[in-house]
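The hints should help you fit chain B onto chain A, whose structure is shown.
Here the protein sequences line up with chains A and B, keeping their order.
Position 50 of the first sequence, counted from 1, bears residue number 50 in our numbering, the numbering being contiguous throughout.
Position 40 of the second sequence, counted from 1, bears residue number 40 in our numbering, the numbering being contiguous throughout.
Restraint-style ranges between C-beta atoms, simulated for each label pair:
#, chain 1, residue 1, chain 2, residue 2, range
1, B, ALA93, A, PRO59, 26 to 36 Å
2, B, LYS6, A, ARG84, 39 to 49 Å
3, B, GLU65, A, ASN52, 42 to 52 Å
4, B, GLN20, A, SER107, 20 to 30 Å
5, B, CYS91, A, GLY60, 19 to 29 Å
6, A, ASN2, B, LYS36, 17 to 27 Å
7, A, HIS87, B, PHE95, 42 to 52 Å
8, B, LYS6, A, SER107, 15 to 25 Å
9, B, SER31, A, ASN52, 43 to 53 Å
In silico DSSO-like links for lysine-lysine, alpha-carbon gap of 30 Å or less:
#, chain 1, residue 1, chain 2, residue 2
10, B, LYS114, A, LYS115
11, A, LYS108, B, LYS114
12, A, LYS115, B, LYS53
13, B, LYS114, A, LYS110
14, B, LYS30, B, LYS53
15, B, LYS114, B, LYS68
16, A, LYS115, B, LYS66
17, A, LYS110, A, LYS88
18, A, LYS110, B, LYS30
19, B, LYS6, A, LYS110
20, B, LYS30, B, LYS114
21, A, LYS110, B, LYS118
22, A, LYS110, B, LYS36
23, B, LYS6, A, LYS115
24, A, LYS88, A, LYS57
25, A, LYS108, B, LYS118
26, B, LYS36, B, LYS6
27, B, LYS118, B, LYS6
28, B, LYS68, A, LYS115
29, B, LYS36, B, LYS68
30, A, LYS82, A, LYS110
31, A, LYS82, A, LYS115
32, B, LYS118, A, LYS115
33, B, LYS6, A, LYS108
34, A, LYS115, B, LYS36
35, B, LYS118, B, LYS30
36, B, LYS94, B, LYS30
37, B, LYS114, B, LYS66
38, A, LYS108, B, LYS36
39, B, LYS30, A, LYS115
40, B, LYS118, B, LYS68
Hint data in this document are derived by calculation from the structure and do not stem from the laboratory.
Note that the Cβ used here is the ideal one computed from N, Cα and C, for glycine as well.
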Amino acid sequence: MNSVLIIINKAPYGYEDAFSGFFVEIACLNRQLVADVVLIEDGVYAAIDNQNSEGLKFPGVGELTYLIFPEGNIFVYNNSLKERGIHKEDLMETIEIIDDNELYELSKSKEVVIKI
Amino acid sequence: MEESTKTLTIILTEGPYRSQYADMAHEIAKSALNNKYNVNMFLYMDATHIPRKGQNPHSFPNVLEKYKALVEMGADIRACVRCATARGYACDAKFPYIQGITITTVYDIPEWIKTSDKVISLG
Chain A
1 MNSVLIIINK
11 APYGYEDAFS
21 GFFVEIACLN
31 RQLVADVVLI
41 EDGVYAAIDN
51 QNSEGLKFPG
61 VGELTYLIFP
71 EGNIFVYNNS
81 LKERGIHKED
91 LMETIEIIDD
101 NELYELSKSK
111 EVVIKI
Chain B
1 MEESTKTLTI
11 ILTEGPYRSQ
21 YADMAHEIAK
31 SALNNKYNVN
41 MFLYMDATHI
51 PRKGQNPHSF
61 PNVLEKYKAL
71 VEMGADIRAC
81 VRCATARGYA
91 CDAKFPYIQG
101 ITITTVYDIP
111 EWIKTSDKVI
121 SLG
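Just chain A, same shape as in the assembly (with noise of 0.2 Å):
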């Protein structure tokens, strides 16, 4: 098996996980899989551009985002964008906007999807 879906839905601070998803797609593009990430529900926050955890003490998730790009894509879930506000202009911008369709054919498409 070699193209993995890492599906992030938590907060990136207050929460481990989008922190703990990205560390797993790192060490999978590393090993040479097919990996991307996509950002559902509070996961969306993650891909906000200009992010500054200093005063939470938290690990800054966009660094982590830098770590990712070229070999692997980031997607967010275009409803849960808009649930809360969230405008293209906001993210960064390597991000890619997805709707249901593209989550779809996107999850479909991976051979592991893992819920992080």
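Showing chain B alone in chain A's frame:
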């Protein structure tokens, strides 16, 4: 003709007693082992609490006993070093886990994915 052996990998992210994921993972792994599968289990985040020695829950079945049985049946169970260390479980002389559990890196996940026939993530 010898029957081919398949491999199941389970990635577990949830700790014991808070939810039933640890019990579900145990049941799936036990069933797979009984059906001649090789079973790998990677304990990530709070799941690294599961194999800690000396658990004595009063209101729940002891998850440790279940995982001891999986190891005895041949499951390869490993815990993430970053997550385990964060929770106070280190690879020192006072090894915190039951025999047969190893503490290793997250890089085992992609290696196991490559060689597995099925991967399930729970948590």
